[in-house]
Amino acid sequence: MTFILDDLLINPWLSLARVLRSTAIQEAYDLEAIQDDIKENQLLYEIGERSEEEYRQRREELELELEVAEQARENLSGQVEVKR
Amino acid sequence: MTANHLYTYGIIDQEDVEFDVDGVNGADRAYTVDHRTLSAVVSDIDALEPEQSDANLRAHDEVLGEIMDSKGGRTVVPMRFGMVFKGAGPLKNVLRGSRSVLSRTLRDIEGTVEMGLKLVAEEGATIDEEAVREDVAARLTDVSVEEAENGRFSDRLVVNRSYLVDHDHQEEFDDAIEAIEAEYGESTIVRYTGPWAPYNFVDLEIGVDQ
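One line per chain: the protein sequences are U and X, in this order. End of the first sequence sits at 334 in the working numbering; the numbers just go up one at a time, nothing left out. End of the second sequence sits at 1292 in the working numbering; the numbers just go up one at a time, nothing left out.
Calculated directly from the structure, the hints in this document are not laboratory data. It cannot be assumed that every hint is accurate.
Partial chain U-side listing against chain X, Cβ under 8 Å, derived [stated by the list, open to error]: (1) D286; (2) L293; (3) I297; (4) E311.
Chain U is nowhere near these chain X residues, computed Cβ spacing over 12 Å in every case [to be verified]: (5) E1097; (6) E1100; (7) L1130; (8) V1202; (9) E1204; (10) N1232; (11) G1233; (12) L1246; (13) T1275.
Facing chain X, from chain U, some residues (calculated, C-beta under 8 Å) [as the list claims (entries may be wrong)]: (14) K289; (15) E290; (16) E313.
By construction, the Cβ of each residue, glycine as well, lies at the ideal position given by its N, Cα and C atoms.
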């Protein structure tokens, strides 16, 4: 929340809606978080807590998520400031 | 299509070497391309950008492992996955341009291997993570040459480090890991891997003008 207030103080013309939208994009398309999930999936498979099928299925989901996030960030970065 | 590009696994001191391998993109032979005191270990490949699949990543690691295991333990500067050159000429240009840094790196890592250590908290276990990390670091510092902290990408990951270990101290390092396992094996899963080519201890920026 602090950085939203900071942004509003620094850029008083920035509407709250726009800041919130930017925040939502950051959270929805958090590339690092998805990459961490990919590594965690691999780790859980390696220590035997996830079957090969579960691992493959989850990895496919995450790779798709990553692709969508990368594309979305690329498309949106020109429209709103995406911080990370 | 002919396989007219060169996939590069790593760099060794100059030597003519040829291996039968299960290489990247199904390559069955790895061989060396030389420039003066250095040799790049390569295989022929069609693609300029091979897919970063599990099979290809494993193949890359396995070929590096074979190089390291051969001839009683060769030192290799590992390349990251996906280094492809359009032919021997461009590769030799890179070897020429990076010769001093590659030679120095080969000397720096000579006689060492990389070992990986992860301690993963058992589900629901209560652990003083900071104390475990400090204790593990203290036990391994004296029996390793160098260490690298890797990311803790999971809440359950208590320790994630790579260690550069001297061949001559491998046994002491293994013993220290055994002691760590005995101490923390109840509350964590200890994952000890290697030997790997020293990826985490080689910091090279090699210009690739394919």
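Each hint tested on the structure:
Taking 8 Å as the C-beta cut-off, the interface hint given for D286 of chain U holds, the closest approach to chain X being about 4 Å. The interface hint given for L293 of chain U is met, as the beta carbon of that residue sits about 6 Å from the closest beta carbon of chain X, less than 8 Å. A distance limit of 8 Å between C-beta atoms decides the matter here; for I297 of chain U the minimum to chain X is near 5 Å, and the interface restraint holds. A cut of 8 Å between beta carbons decides the hint on E311 of chain U: the least distance to chain X is about 16 Å, and the hint is violated.
A cut-off of 12 Å between C-beta atoms confirms that E1097 of chain X is not in contact with chain U; the least separation is 34 Å. Every CB of chain U is more than 12 Å from the CB of E1100 of chain X (nearest about 33 Å), matching its label as outside the interface. For L1130 of chain X, the requirement that its beta carbon stay farther than 12 Å from each beta carbon of chain U is met, with the minimum near 21 Å. Distance check for V1202 of chain X against chain U: the nearest CB is about 6 Å away, which does not clear 12 Å, and the non-interface claim fails.
The beta carbon of E1204 of chain X sits about 10 Å from the closest Cβ of chain U, which is not more than 12 Å, so the claim that it is off the interface is violated. The Cβ of N1232 of chain X sits about 10 Å from the closest Cβ of chain U, inside the 12 Å cut-off, so the non-interface label is violated. Annotated as non-interface, G1233 of chain X brings its C-beta within 12 Å of a C-beta of chain U; the closest such distance is 8 Å. At roughly 22 Å, the least C-beta separation between L1246 of chain X and chain U is larger than 12 Å, which holds for a residue marked as non-interface.
Taking the minimum C-beta to C-beta distance to chain U, about 9 Å, the non-interface status of T1275 of chain X is violated against the 12 Å cut. Hint on K289 of chain U holds. Least Cβ distance to chain X is approximately 4 Å, under the 8 Å limit. Interface hint status for E290 of chain U: upheld, as the beta-carbon distance to the closest one in chain X is roughly 4 Å, under 8 Å. Because the smallest distance between the Cβ of E313 of chain U and any Cβ of chain X comes to about 11 Å, over 8 Å, the interface hint for this residue is violated.
Hints 4, 8, 9, 10, 11, 13 and 16 from the earlier list are contradicted by this structure; the remaining hints agree with it.
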